[in-house]
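2 protein chains.
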Amino acid sequence: MSKTSIVAEPNKQEVIISRTFEARRELVFQMWTDAAYIPEWWGPSTMTTIVDSLNAKKGGIWRYVQSDQAGNVYAHNGVFHEVSSPDRLVHTYEFEGVPAVGLVTVTFEDLAGGRTKLTETTLYPSVEIRDGVLQSGMTEGVIALMDRFDALLAKHSL
Amino acid sequence: MSKTSIVAEPNKQEVIISRTFEARRELVFQMWTDAAYIPEWWGPSTMTTIVDSLNAKKGGIWRYVQSDQAGNVYAHNGVFHEVSSPDRLVHTYEFEGVPAVGLVTVTFEDLAGGRTKLTETTLYPSVEIRDGVLQSGMTEGVIALMDRFDALLAKHSL
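Quick note, the sequences are listed as chains A and B, same order. If you use UniProt numbering, the first sequence corresponds to residues 1 to 158, in order. If you use UniProt numbering, the second sequence corresponds to residues 1 to 158, in order.
FYI, nobody ran anything at the bench for these hints, they're computed from the structure. Keep in mind it's a predicted model, so treat the numbers as computed, not measured. Accuracy of the hints is not assured; some may be wrong.
Since the list gives no way to pick one copy over another, a pair counts as held whenever it fits inside one copy or between any two copies.
To be verified - Listed next, the in silico SDA-like pairs over lysine to any residue satisfying Cα-Cα at most 20 Å (straight line): (1) 57 - 99; (2) 58 - 99; (3) 58 - 70; (4) 3 - 148; (5) 12 - 134; (6) 3 - 125; (7) 12 - 82; (8) 12 - 74; (9) 12 - 136; (10) 117 - 6; (11) 155 - 144; (12) 58 - 98; (13) 57 - 100; (14) 117 - 55; (15) 58 - 97; (16) 12 - 100; (17) 57 - 82; (18) 12 - 71; (19) 12 - 43; (20) 58 - 76; (21) 117 - 145.
Kindly produce the complete structure, drawing on both the sequences and the hints.
This is the structure:
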């Protein structure tokens, strides 16, 4: 069973993803926003991800470009509204080619024993768009991404 | 009766405001994003509004500071995700002091006879937050703002 929780209540416009990591939240926040490590965890391991831009401050732009083994290219971008280390991130999200923009809030919560609960809430422009994203295979992608991020943290927490 | 339409459907997280102006959409878009004119229309006339920042491009920050006659100060800010003149704007919105961030999409639609329909959709983090904003007097503020913007356009369309 996956350790990642994905909640999408009926008729709501959001998806709430959460995961608890065995790492201090300063490290979790830092790794989540460090361009040097994004290629190692952002997306499934069948994709190659490169960071075109990642400027984690208010107004900063992020853009990641993925390619699969068949040579298809997918780009994702957004701007940061809030970067409050190690508590909270707020940024927009756009899958290039799709006109719908989402709003993402990520919180990093200190738990006992040096653990951290990360919660990512994505607000979509409509219930229909949210449901379309869920049906597009997003769930498997998120689980793979969180597992890879967990493994990366484990390597750096030693 | 106001010419501004404000729609907030039950159990949804958004408010949709629309208004048709007797002006070409290039002018409507330009005036909507011009720092020199914001103090003349952004908010009710009982408030003084100053533009602390307005950089209408992707990643650009906007921040407007209002004060009322009693000396109370209210600040609003956000970042632009998309600025596509004269079609569409997407930006975040924060009322400083309130931790909830909204996502705003403004579209400018060409109508016959040189008129323009402006539609502003604001997506709130929850139905409760949206309903709280609606109950805080936002409706009267929006109607006043749109009336002032309409008057400003009329002056510049001549």
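To see whether the hints hold, each was checked on the structure:
1. 57 - 99: Close across copies (17 Å), not inside one copy (24 Å); limit 20 Å.
2. 58 - 99: between (23 Å within a copy, 15 Å between copies)
3. 58 - 70: Result: close neither inside a copy nor across copies, 36 Å intra and 31 Å inter.
4. 3 - 148: within (12 Å within a copy, 53 Å between copies)
5. 12 - 134: Both: 13 Å inside a chain and 19 Å across chains, each within 20 Å.
6. 3 - 125: neither (28 Å within a copy, 25 Å between copies)
7. 12 - 82: Cα proximity of residue 12 and residue 82: none, with 24 Å in one copy and 25 Å across.
8. 12 - 74: neither (27 Å within a copy, 31 Å between copies)
9. 12 - 136: Classified as within: same-chain Cα gap 18 Å, cross-chain 23 Å, threshold 20 Å.
10. 117 - 6: within (14 Å within a copy, 39 Å between copies)
11. 155 - 144: within (17 Å within a copy, 57 Å between copies)
12. 58 - 98: between (24 Å within a copy, 17 Å between copies)
13. 57 - 100: Only across copies: residue 57 and residue 100 sit 18 Å apart there, 23 Å inside one copy, limit 20 Å.
14. 117 - 55: neither (24 Å within a copy, 35 Å between copies)
15. 58 - 97: Between copies only: 16 Å across chains, 24 Å inside a chain, cut-off 20 Å.
16. 12 - 100: Classified as both; 16 Å inside a copy, 17 Å across copies.
17. 57 - 82: both (7 Å within a copy, 17 Å between copies)
18. 12 - 71: Result: close neither inside a copy nor across copies, 35 Å intra and 40 Å inter.
19. 12 - 43: neither (25 Å within a copy, 31 Å between copies)
20. 58 - 76: both (18 Å within a copy, 14 Å between copies)
21. 117 - 145: within (15 Å within a copy, 42 Å between copies)
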